[in-house]
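**Q** Chain residues, written in single-letter form:
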Amino acid sequence: NAGVTQTPKFQVLKTGQSMTLQCAQDMNHNSMYWYRQDPGMGLRLIYYSASEGTTDKGEVPNGYNVSRLNKREFSLRLESAAPSQTSVYFCASSEEFWDSYGYTFGSGTRLTVV
Amino acid sequence: GDSVTQMEGPVTLSEEAFLTINCTYTATGYPSLFWYVQYPGEGLQLLLKATKADDKGSNKGFEATYRKETTSFHLEKGSVQVSDSAVYFCALMGSSGSARQLTFGSGTQLTVLP
Numbered sequence: 001n002a003g004v005t006q007t008p009k010f011q012v013l014k015t016g017q018s019m020t021l022q023c024a025q026d027m028n029h030n031s032m033y034w035y036r037q038d039p040g041m042g043l044r045l046i047y048y049s050a051s052e053g054t055t056d057k058g059e060v061p062n063g064y065n066v067s068r069l070n071k072r073e074f075s076l077r078l079e080s081a082a083p084s085q086t087s088v089y090f091c092a093s094s095e096e097f098w099d100s101y102g103y104t105f106g107s108g109t110r111l112t113v114v
Numbered sequence: 001g002d003s004v005t006q007m008e009g010p011v012t013l014s015e016e017a018f019l020t021i022n023c024t025y026t027a028t029g030y031p032s033l034f035w036y037v038q039y040p041g042e043g044l045q046l047l048l049k050a051t052k053a054d055d056k057g058s059n060k061g062f063e064a065t066y067r068k069e070t071t072s073f074h075l076e077k078g079s080v081q082v083s084d085s086a087v088y089f090c091a092l093m094g095s096s097g098s099a100r101q102l103t104f105g106s107g108t109q110l111t112v113l114p
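Chains as they are written, first to last, in the working numbering: chain Y, 1 to 114; chain L, 1 to 114.
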């Protein structure tokens, strides 16, 4: 089915470990986004990529890096995981940058840092 | 900056009850307004949207009207079903410049009992 695919779905890390969250979309969308979801705080934007070859910081970028590998793929890397990064991470895409027609979200990665 | 305030949950209703989830916003200019729904274990899905004052968004029996005079976008449904149990997020997208990004409320958990 067309949409946004995130891997892995679940991950447990020890403090200080690194990992990369993968995201791919097959809708030929230009823009992609990474959000984190924490209880009582809604979704907060970590990084976004308005188009292939560009990336920019969102509201909460500290401790993360991103790579827009090609038009389809946008990865999020935690270089040295901290317990404060325990969260559910969502990747999203849209046809155009900040498209008012809405975004398509992946099903999320639940990350626990111990 | 722009912000969204949602009615705190959780909300528990019996099947066929009337639903209202309040949402108010603070933004400059003329934002677009959205309701997203997140079913258990899934990503967010766009439920409905409105892009200008007095517009009514509707989908799957849910409705919301963009009220600029009260800066509100309350979600309503006349008769809820068990299958409507989910988390509902109100969101806005600013109309220009650095405000042109998707800002989410904290979410409202709805449980519908048979």
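A couple of the hints might just be wrong.
[Unchecked claim] In silico DSBU-like cross-links for lysine-lysine, where the CA-CA straight-line distance does not exceed 30 Å:
(1) Lys52(L) / Lys68(L)
(2) Lys57(Y) / Lys14(Y)
(3) Lys68(L) / Lys56(L)
(4) Lys9(Y) / Lys60(L)
(5) Lys9(Y) / Lys57(Y)
(6) Lys52(L) / Lys57(Y)
[Said to hold, decoys possible] Not close to chain Y: a few residues of chain L, all C-beta gaps over 12 Å, as computed:
(7) Val11
(8) Ser32
(9) Lys56
(10) Asp84
FYI, nobody ran anything at the bench for these hints, they're computed from the structure.
For glycine and all other residues, C-beta sits at the position ideal for the given N, C-alpha and C.
**Q** Are the hints correct? Go through all of them and say.
**A** Evaluation of the provided hints:
no.: 1; hint: Lys52(L) / Lys68(L); verdict: 9 Å, holds
no.: 2; hint: Lys57(Y) / Lys14(Y); verdict: 25 Å, holds
no.: 3; hint: Lys68(L) / Lys56(L); verdict: 12 Å, holds
no.: 4; hint: Lys9(Y) / Lys60(L); verdict: 28 Å, holds
no.: 5; hint: Lys9(Y) / Lys57(Y); verdict: 24 Å, holds
no.: 6; hint: Lys52(L) / Lys57(Y); verdict: 28 Å, holds
no.: 7; hint: Val11; verdict: 15 Å, holds
no.: 8; hint: Ser32; verdict: 4 Å, violated
no.: 9; hint: Lys56; verdict: 16 Å, holds
no.: 10; hint: Asp84; verdict: 19 Å, holds
Checked against the numbered hints listed earlier, the structure breaks hint 8 alone; every other hint is satisfied.
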